[in-house]
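Colleague: Work from the hints to combine the two standalone chains into their complex.
Residue-level listing of the chains:
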Amino acid sequence: MGFYLIRRLGLMVLTLFGISVVIFVLLRLVPGNIVDILFDSAGMVNPADKLRIEQELGLDKALPLQYASWIGGMMTGDLGYSYVSEKSALAEIAPRIPVSARLAGSALLFAVLIGVPLGVISAVRQNTWLDYVLRVMSLSGLSLPSFWLGLLVLMGFVALFGSVPIYTEPTKTFGEAALLVLVPAATVGFRSSALIMRLTRSSMLEILRQDFIRTARAKGASAGSVNYRHALRNALLPVVTVIGMEAAFLAGGLIVTETVFNIPGLARFLVESIRNRDYPIVQNLVMLIAVVVVTINFLVDLLYAALDPRIRLSD
Amino acid sequence: MSETDTYEAELVRAGARAEGRLARALFYARQYPLGAVGAVIMLVIVFAALFADVVAPQSPFSTNPALSLARPGSAHLMGADFMGRDIMSRVVHGARISLAVGIFSTLIGGFFGVLIGVASGYIGGWFDLVVQRITDIMQALPLLVLALVMSAALGPSLPNTIIAISIPLIPYVSRVIRANTLALREQAYVEAAHAIGLPEWRIALRHILPNTLAPLIVIATAQLGSTILTEASLSFLGLGVPEPHPSWGRMLSESAAEYMRTAPWLVIFPGLAISLAVFGTNMLGDALRDILDPRQRG
Numbered sequence: 092m093g094f095y096l097i098r099r100l101g102l103m104v105l106t107l108f109g110i111s112v113v114i115f116v117l118l119r120l121v122p123g124n125i126v127d128i129l130f131d132s133a134g135m136v137n138p139a140d141k142l143r144i145e146q147e148l149g150l151d152k153a154l155p156l157q158y159a160s161w162i163g164g165m166m167t168g169d170l171g172y173s174y175v176s177e178k179s180a181l182a183e184i185a186p187r188i189p190v191s192a193r194l195a196g197s198a199l200l201f202a203v204l205i206g207v208p209l210g211v212i213s214a215v216r217q218n219t220w221l222d223y224v225l226r227v228m229s230l231s232g233l234s235l236p237s238f239w240l241g242l243l244v245l246m247g248f249v250a251l252f253g254s255v256p257i258y259t260e261p262t263k264t265f266g267e268a269a270l271l272v273l274v275p276a277a278t279v280g281f282r283s284s285a286l287i288m289r290l291t292r293s294s295m296l297e298i299l300r301q302d303f304i305r306t307a308r309a310k311g312a313s314a315g316s317v318n319y320r321h322a323l324r325n326a327l328l329p330v331v332t333v334i335g336m337e338a339a340f341l342a343g344g345l346i347v348t349e350t351v352f353n354i355p356g357l358a359r360f361l362v363e364s365i366r367n368r369d370y371p372i373v374q375n376l377v378m379l380i381a382v383v384v385v386t387i388n389f390l391v392d393l394l395y396a397a398l399d400p401r402i403r404l405s406d
Numbered sequence: 012m013s014e015t016d017t018y019e020a021e022l023v024r025a026g027a028r029a030e031g032r033l034a035r036a037l038f039y040a041r042q043y044p045l046g047a048v049g050a051v052i053m054l055v056i057v058f059a060a061l062f063a064d065v066v067a068p069q070s071p072f073s074t075n076p077a078l079s080l081a082r083p084g085s086a087h088l089m090g091a092d093f094m095g096r097d098i099m100s101r102v103v104h105g106a107r108i109s110l111a112v113g114i115f116s117t118l119i120g121g122f123f124g125v126l127i128g129v130a131s132g133y134i135g136g137w138f139d140l141v142v143q144r145i146t147d148i149m150q151a152l153p154l155l156v157l158a159l160v161m162s163a164a165l166g167p168s169l170p171n172t173i174i175a176i177s178i179p180l181i182p183y184v185s186r187v188i189r190a191n192t193l194a195l196r197e198q199a200y201v202e203a204a205h206a207i208g209l210p211e212w213r214i215a216l217r218h219i220l221p222n223t224l225a226p227l228i229v230i231a232t233a234q235l236g237s238t239i240l241t242e243a244s245l246s247f248l249g250l251g252v253p254e255p256h257p258s259w260g261r262m263l264s265e266s267a268a269e270y271m272r273t274a275p276w277l278v279i280f281p282g283l284a285i286s287l288a289v290f291g292t293n294m295l296g297d298a299l300r301d302i303l304d305p306r307q308r309g
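Going down the list, the protein sequences come from chains A and B.
For the first sequence, the residue numbers in the numbering used here are 92 to 406.
For the second sequence, the residue numbers in the numbering used here are 12 to 309.
Accuracy of the hints is not assured; some may be wrong.
[Said to hold, decoys possible] Partner residues aside, some chain B positions facing chain A, computed with beta carbon under 8 angstroms: (1) A151; (2) V156; (3) V160; (4) L240; (5) P275.
[To be verified] Calculated from the model, a selection of chain B residues having no Cβ within reach of chain A, i.e. all distances over 12 angstroms: (6) V66; (7) R82; (8) P83; (9) F115; (10) E211; (11) F290.
Honestly, the hints are just simulated from the structure, not real lab data.
Glycine included, C-beta positions come from ideal geometry on N, C-alpha and C.
This is chain B alone, in the form it adopts within the complex (with noise of 0.2 angstroms):
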C-alpha cells in the first residue's frame, strides 16, 4: 500500500461520511474535478435528449429549400444543410438517438454479460471452458468489424443497431465479471453460505451477483462512450441507424465529402456533439471507477 492509497481511501470514507446526497455529489464533484466535468456534459445531454422537443428551435425533419445550406446565423444557430433542415435540432435530436443507442446496447450487452460471466465463473468445469472458448472467438474480432458484419446481417435500422452494438460488448462483460465472481467464490462468506445449506443457485444469484454490481457499473460507463462512438461509426459509414433519424453520425457522412468545402458548419457540429458526448462519458467513467473500484484505478 503506498501513501496516495490510503490518502485516496481516507478521501472515499471521508465521501462517505459526508451528509445527505446532495453534500455527498458536492464532495466528489470536488475531489474528482474532471468527473464532474463529464457528469455535467452527461447532464446537458440527457437533458437534450429528454426534452429535445422544447429545446430544439424547430422540427428536426422540416426542410425548406430557401434555407439549403444556410450560414450559421441569428436564425440558425448551427446553419442549415442541404435540404435547409435547422442543424441545431437535428444535433439535439441527435443526442436521443446516441443516448437510446448508447443506453440500450450497453444494458443488453451488460445483462447478458453478467449472466454469463457469473454462470461461467462459478459452475467452472466444462462449461465454463466453453464458455471461454466462445469467447475468445468473439473477442478475435475488432469492436467494428463484428458490428459491421452484424448490423449488415440484421439490416439497418434503430433496434437492429442496437442490438449488432450490444453484441461484441457480452464477451468482453463477461470476461470482467467471470474473473470477479472467481474471486468472489472463494470469500468466507460464500463458504458460509454453503455451510448453512444455501441451494447454489440462491448463492451465485442473491451472494454473489449483487457484489459484481460495482465492477459492472465502472464498465457500463466506460462503455458507453464506446458504444456512441461504435454507433456513429455504423451511421457514417450507412450501416447503422437510418433516415430520417437524425443521427450524428449520419450526419457527417451525408455532408462529409461534398460540402466540406461550401458548408464546414455540417461537418463541424455534429462532430462536436459526439466528441463531448464521448468526452463526458469518459470522464464521469474515470472518476467512477476511482470512486467504486479504487483497485482498477489506472
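Chain A with its partners taken away, still in its complex shape (with noise of 0.2 angstroms):
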C-alpha cells in the first residue's frame, strides 16, 4: 500500500509535467504574440516601443527560459502577470475559484442525488413502461448541449418573471444565492445525472443477476432489502468511478454554462484569456484543471480501493 502511494504521487507528477509542456508548447504555437495585437488593435508600428515591451514581459527570451521560469515561479507561488490587466496571475485567479467550486460541487450533487435514485428505478422495473421513459429521458439528457439548455432555461425566465437572473457578488439573500447557483448547477449537472443514471441502471442489472442475489431472495429477504442492501451497495462502485471522470466533464460543461449565465468563475475566465492570448493565465488555469483532475482520480482509485475490500491497491 505504501509503495503503491508513492508510485501513484511519482505518477501524477509525472502527468503533470508532461501536461505543462504541451500547454506551454501549444500556446507558444499560436502565431503572433499579445504584444502583436496590442500593436494591430492600436495601429501602432515602433519597433523600439515594441521590443520593450516584449523584454517587459519575458518574451524575447528564449523558449525553454521561458518555461523554467513559468515552472520556477509556480514553486514559489509566483504565477507571472495578467498581460491583459496587468495583475498577478494569483490575484486573477484566486477569487475565481470559489465560485466555481460551488457551482462544480452543486453540480455534482445534483447529478449524484438525480441520477442514482433514477438509475435504481429503472433497473428495479427494467422493461416497464417507466423504464423506457427514464431511458429515453437519460439519452436526451447525454444530447442537449448544456449551452443551449442554459439559454432555454433563460427564456423560460423571460418568460416567467421578465428578467434574467444577473449573477452578483456577493450574494443578497440566501434566497437569491440559492437561485443563482442552483439553477446554473442543475443545468450542467444534467448531463452527468443522465450519464450516472444510465450506469446506475446496468451496473444494478448485473448485480441483480448475480448467485448472491438469487440467495438472498430465496432466503426470503424482501424485495426492498434485496435490492437496497444487497444490490445497490454492490452497483455504486463503478458509478464511484463515473463520478470521478464526470468532475473532468464537468469542467467542459462550466466552460459554456459559466458563459451563458455571465457567472464570473474559472471557465469564463480561461475563454476571455484564450481569445486575448493571455498565456499566464491560460497556462495557469489550464494547469490548475489538471491538478484538480488527476487529483480526483487518485481520489477516486483511494475511494473504490476502501469500498472495496476485494480490491488491493498493490500495482
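Modeller: Laid out in C-alpha cells, this is it:
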C-alpha cells in the first residue's frame, strides 16, 4: 500500500509535468503574441516600443528559459502577471476559484441525487414503461448541449418573470444565492445525472443477475432489502468511478454554462484569456484544471479500494 | 451467462440468418426500436447535408435588411436572423458543417488511435509504457479544455477545428484498441500465425488489426455525437468554425443573449438541430454496440 501510494504520486507528478510541457508548447504555437495584438489594435508601428514591451513581459527570452521561469515561479507561488489586467495571475485566479468550485460541487451533488435513484428505479422496473421513459430521458440528457439548455432556462425566466437572473457578488439573500447557483448547477449537472443514471441502471442490472441476489431472495429477504441492502451497495462501485470521471467532464460543462449565465468563474475566465492570448493566465488555469482532475482520479482510486475490500492497491 | 444474454445472442444469430440486407435491417429495426429512430434521424441529417442546396429554401448567406428578425411564418418557416438570413436554410446547411467536422475528426482520431493502440498493445515493452504515459497526460485534460487550447493554438478555421477535436480523441480510441489488442494477442490463431513463421508486422496488420474493427465502429459512432457537441461548443464560444459558415453552435452564440427576448426562434432551432443530431448518434451508437459487441452492453 505504501509503495503503491509513492508510485501513484510519482506518476501524478510525471503526468502534471507532461501536461505543463504540452500546454506551454501549444500556447507558443499561436502565431503572434499579445504584443502583436496590442500593436495591431492600436495601429502603432514603433519597433523600439514593441521590443521594449516584449522585454518587459519576458517574451524575448528563449522558450526553454520562459518555461523554466514559469515552473520556477510556480514553486514559489509566483504565477506571473496577466498581460491584459497587469495584475498578478494569482490575484486574478484566486477569487474565481470559490465561484467555480461552488457551481461544480452543486452540479455534482445534483447529478448524484438525481442520477442514482432514477437509475435504481429504472433497473428494478426493467422493461416497464417507466424504465423506457427514464431511459429516453437520460439519452436526451446526454444529447442536449448544456449551453442550449442554459439558454432555454434563461428564456424560461424571461417568459415567467420578465427578466434573467444576473449573477451579483456577494449575493444578497439566501434565496437569491440558491437561485443563482442552483439553476446553473442543475443545467451543468443534468448531463452528468443522465450518465450516472445509465451507469447505475446497467450496474444494478448486472448485480441483480448474480447468485448472491438469488440466495438473498431464496432465503426470503424482502424486495426492498434485496434491492437496496444487497444490490445497490455493490452496484455503486463502478458509479463511484464515473462520478470521478464526470468531474473532468464538468469542467467542459462549466466553460459554456458560466459563459451563458455570465458567472465570473474560472471557466469563463479561461475562454476570455484564450481569446486575449493572455498566456500566463491560460497556462496556469489549464494547469489548475489538470491538477484538480489528476487529484480527483487519485482520490477516486483510493475510495474505490476502500469501498471494495477485494481490490488490493499493490500494482 | 444469464437468461437475457443467451436470449439476445439468439436474437443476433436469428438476425444473421435473416436473408438479404433489407430483411436484416428490418429485423434489427424491430429488435432495437430506439436504434431505428436514431438511424432515421441520422439519415435525415445526412440527406439534408448532401442535398442542402436543394432542400434549403434559399442561400444561407443571402441577407435582406427588410427581413431582419422576421418571425417564423409561411415564407420563412424558422424565421430570419438579424441580417435577414433565412434560419431554416442556415440550419439545413449547418448539417454539412456539423457532419463534416464530426465525421472527419472521428476518422482522423480513429485512424491514429487504432494505429497507436495496436502498436502499443502488440509491441508492448518500453514503447507501450511511453505511449501509455503520453495517453495519461492527454486524458488528464477535459476534452473541451484540450480542444479549446488546440483551436486557439491553431487559429479559427474549419480544418483547424477538425484537428483540434480529433486530437483529444486519439488517446481515448487507442486505450480501447490497446486493451482489445492485448486480448487478441493471446488468441490461438495468433499463435498459429507465429508458428507458421509469419513476420510480426504481418500478424499485427493482417490478423490483429481487422479484429479491432467491431469495437472501433462502436467507439466511433459513440464518439460522433461527442465530436458534434464539441464542435457546437467551440463555435458557440467563438473559437470553432468561423463566419460565414453556418455552424449550429455559432448561430447560437451570435443570437444568444441579445435576441433571446425578442427573437427566441434564433435560439430554439439551431439548438434543436444539435440536440437531434447528438440524440440520433447516441441511439444508433447504443444499438450498434449491442449488435456488434454484446460484451460491452450497458
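Colleague: Decide, hint by hint, whether the structure agrees.
Modeller: Now the hints, each set against the structure:
Using the Cβ-Cβ criterion of 8 angstroms, the hint placing A151 (chain B) at the interface with chain A is satisfied: the shortest such distance is roughly 5 angstroms. Because the beta carbon of V156 (chain B) sits about 6 angstroms from the nearest beta carbon in chain A, less than 8 angstroms, this interface hint is met. Checking V160 (chain B) against chain A: minimum C-beta separation of about 5 angstroms stays under 8 angstroms; hint holds. The beta carbon of L240 (chain B) is positioned within 8 angstroms of a beta carbon in chain A (closest approach about 6 angstroms), and the interface hint is therefore held.
Here the hint on P275 (chain B) is kept, as its CB sits about 6 angstroms from the closest CB of chain A, short of 8 angstroms. A cut-off of 12 angstroms between C-beta atoms confirms that V66 (chain B) is not in contact with chain A; the least separation is 23 angstroms. Annotated as non-interface, R82 (chain B) keeps its C-beta farther than 12 angstroms from every C-beta of chain A; the closest such distance is 16 angstroms. Every Cβ of chain A is farther than 12 angstroms from the Cβ of P83 (chain B); the closest lies at roughly 15 angstroms, confirming the non-interface assignment.
No beta-carbon of chain A comes within 12 angstroms of the beta-carbon of F115 (chain B); the shortest separation is about 20 angstroms. Taking the minimum C-beta to C-beta distance to chain A, about 28 angstroms, the non-interface status of E211 (chain B) holds against the 12 angstroms cut. For F290 (chain B), the requirement that its beta carbon stay farther than 12 angstroms from each beta carbon of chain A is not met, with the minimum near 4 angstroms.
Of the hints listed earlier, the one the structure fails to meet is number 11.
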